[in-house]
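Each protein sequence line maps, in turn, to chains A and B.
Note that the working numbering numbers the first sequence so that position 273 is 273, with each residue one more than the last.
Note that the working numbering numbers the second sequence so that position 153 is 153, with each residue one more than the last.
None of these hints come from the bench; they were simulated from the model.
Hints may contain errors.
[Said to hold, decoys possible] Residues from chain B shown here face chain A by an in silico Cβ test under 8 Å; the list is partial: (1) Gly32; (2) Ile135; (3) Leu159; (4) Leu162; (5) Ile219; (6) Phe220; (7) Leu224; (8) Phe241; (9) Leu243; (10) Leu266.
[Said to hold, decoys possible] Looking from chain B toward chain A, a few residues come up when the C-beta cut is under 10 Å (computed): (11) Phe65; (12) Leu137; (13) Thr233; (14) Ile252.
Every residue gets a Cβ at the ideal spot worked out from N, C-alpha and C, and that includes glycine.
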Amino acid sequence: MDNNTQNATVPKTKKPKKQSRFREVWKRYKRSPLAIAGLFIISCIILLALSAPFIAPSVDGMPGYNLQDWGNVRQFPSSEHIFGTDHLGRDVFSRIAHGAGISLRVGIVVITIGITFGITLGSIAGFYGGYIDNVFMRIIDIFLAIPNILLAIAIVAALEPGLTPVMIAVGIGAIPIYARTVRAQVLTYREQEFVEAARAAGASDFRIIVRHILPNCMAPVIVEASMGMAGAILAAAGLSFIGLGIEPPLPEWGAMLSEGRIWMLAGYWHLTVFPGLMIALIIFALNMIGDGLRDALDPKLRSGFSKRHFERLKVQAAQKIQEQSQATTVTKEGVA
Amino acid sequence: MHKYILKRLVMMIPVLLGVSFIMFTLSYITPGDPAQIILGEGATQAMIDQVRLDLGLDDPFLVRFVSYVAGVAQLDFGMSWATQRPVSEEIFARFPHTMRLAGMGIALALSVGIPLGILSAIKQYSIFDMGANFISLLGVSIPNFWLGMMLILFFTVNLGWLPATGFATPIQYIMPTIAIASASAAVIMRMTRSSMLECIRQDYVRTARAKGLSERTVIFRHALKNALIPVTTTAGLSFGFLLGGAVLTETIFAIPGLGMFMVSALFTRDWPTAIGGVLLIALSFSFVNLMVDILYAFLDPRIRSQYQ
Numbered sequence: 001m002d003n004n005t006q007n008a009t010v011p012k013t014k015k016p017k018k019q020s021r022f023r024e025v026w027k028r029y030k031r032s033p034l035a036i037a038g039l040f041i042i043s044c045i046i047l048l049a050l051s052a053p054f055i056a057p058s059v060d061g062m063p064g065y066n067l068q069d070w071g072n073v074r075q076f077p078s079s080e081h082i083f084g085t086d087h088l089g090r091d092v093f094s095r096i097a098h099g100a101g102i103s104l105r106v107g108i109v110v111i112t113i114g115i116t117f118g119i120t121l122g123s124i125a126g127f128y129g130g131y132i133d134n135v136f137m138r139i140i141d142i143f144l145a146i147p148n149i150l151l152a153i154a155i156v157a158a159l160e161p162g163l164t165p166v167m168i169a170v171g172i173g174a175i176p177i178y179a180r181t182v183r184a185q186v187l188t189y190r191e192q193e194f195v196e197a198a199r200a201a202g203a204s205d206f207r208i209i210v211r212h213i214l215p216n217c218m219a220p221v222i223v224e225a226s227m228g229m230a231g232a233i234l235a236a237a238g239l240s241f242i243g244l245g246i247e248p249p250l251p252e253w254g255a256m257l258s259e260g261r262i263w264m265l266a267g268y269w270h271l272t273v274f275p276g277l278m279i280a281l282i283i284f285a286l287n288m289i290g291d292g293l294r295d296a297l298d299p300k301l302r303s304g305f306s307k308r309h310f311e312r313l314k315v316q317a318a319q320k321i322q323e324q325s326q327a328t329t330v331t332k333e334g335v336a
Numbered sequence: 001m002h003k004y005i006l007k008r009l010v011m012m013i014p015v016l017l018g019v020s021f022i023m024f025t026l027s028y029i030t031p032g033d034p035a036q037i038i039l040g041e042g043a044t045q046a047m048i049d050q051v052r053l054d055l056g057l058d059d060p061f062l063v064r065f066v067s068y069v070a071g072v073a074q075l076d077f078g079m080s081w082a083t084q085r086p087v088s089e090e091i092f093a094r095f096p097h098t099m100r101l102a103g104m105g106i107a108l109a110l111s112v113g114i115p116l117g118i119l120s121a122i123k124q125y126s127i128f129d130m131g132a133n134f135i136s137l138l139g140v141s142i143p144n145f146w147l148g149m150m151l152i153l154f155f156t157v158n159l160g161w162l163p164a165t166g167f168a169t170p171i172q173y174i175m176p177t178i179a180i181a182s183a184s185a186a187v188i189m190r191m192t193r194s195s196m197l198e199c200i201r202q203d204y205v206r207t208a209r210a211k212g213l214s215e216r217t218v219i220f221r222h223a224l225k226n227a228l229i230p231v232t233t234t235a236g237l238s239f240g241f242l243l244g245g246a247v248l249t250e251t252i253f254a255i256p257g258l259g260m261f262m263v264s265a266l267f268t269r270d271w272p273t274a275i276g277g278v279l280l281i282a283l284s285f286s287f288v289n290l291m292v293d294i295l296y297a298f299l300d301p302r303i304r305s306q307y308q
């Protein structure tokens, strides 16, 4: 994400058209300070994940997040351990740093599952309509009647507790949202002239969907993906918290919360405050990015939040009044 | 209208059938022998075979599914594999706790979210509006289980004001309700605000102002009534979210509700209990959504006229 945006400021080279589209989106995106803040936070978290092996390198084959020091258990934050140590004497900051990569991976895997299946199912249902669409919508209704977290818990229980089953389970739970989004989009483009033109030119259904319709559908999917990534990380943390995603000693943030919970009533606040803060931070950042992308990618999808929208309306209104007054003066002059 | 309600009630049947099919399939593909789970360690092969025969575990998948559904239709969810007691007894005993938690959660979310949403829409771009927006973004981002833990840390561990567990007395309601409602309050506030902003710009609001009505009448009688319609949908969906979120909140506050019960059932692979619980939650969620749709008709004469 931040790589791409940095590229946008690099001088344009081979594909001027693509660059300009990207630049346009970036120009609108960077106008929102909250969206930029979200991007900044995510960049920091990615950086933290990448530097985890250097912050806490492994010692004697023991991974850096599992270096136990039984003489230093449950230390409160100090200059030596800025986030303190846990019940096995492990440095909480090192574990959080290593956990960043896990959370990012969970988010990416989940939205990959959700988007891949969601786009496939949604575009087939939307494009062919009729019987297929009907069946599809009824199945979606069934999935939506089960609260997502319960569905995920049931799927994990049927598989095996662990991080991979959690990712699969949350991914399956995410499919209906993407499928519905894509379906709605495909429905609006299906009847348009450029699709008819492609069909007249002899394009196959597959080509029409993939080359002509889907590229137009991507804006809401991208927005949904960034919000969905936040939801996925939250759901996975929740599942780990109740003990389904835990593979000790992996420092998944939700699992850290669950481990620290026992010590909370004894006053060891640092074991639950910091991992939770990180979860909240990453979700906050992804939601900001989602909001920013929505405004930048498609002004029609704009949330009621941005001041720019209001200002643009004011400017438009002012321009209209000006044009009208100019028009009237012109006609008056003409008459005169 | 009656016809519509009846039709919607009938349409709930295939959805619930689908839910039980999904859950039943999951239980079917789970590794492990249910008879072994029921009998525990040290069961002889003969005992296991007997239990398999009694429960019809050797029957084909579809036969088992049909007989399960036939049971559910008579409110018989089978026997729990863990406790050997009827599932319906167990889940109906715990369900009221979950419903009360979710109900109080949605009540709090609505009573915080709607007024804040209205205020920030009326005072758009004021300091208050920006502050409320920021807080709502925080509300969406903070995991409710972590919020619950932070509340315990602050109000129980540090201040010693509130009890950390239980859900029986009003003082025990406070923290779980706040924890479960925060995200929904934020979502409802965002929805109220944007739908209110849209309504305020409508022609009929300008007309109402132009004919000299007081600002209060304009906002509450003309704008708010219309603005609340999409909020109802959000509230219905939030209720489902709360029923699911109850799993985590109940775990944190040790509330003996359905959510926590189902999680422990799934841990021990006690599938009849888990399926029964999910079905009950899916049923109540579908029911709430139906009530929301009916409420729509009362709020919006345009929709009401369609049903007649």
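Structure versus earlier hints - violations, ascending order
Hint check: 1, 2, 3, 4, 5, 6, 7, 11, 13 fail, others pass.
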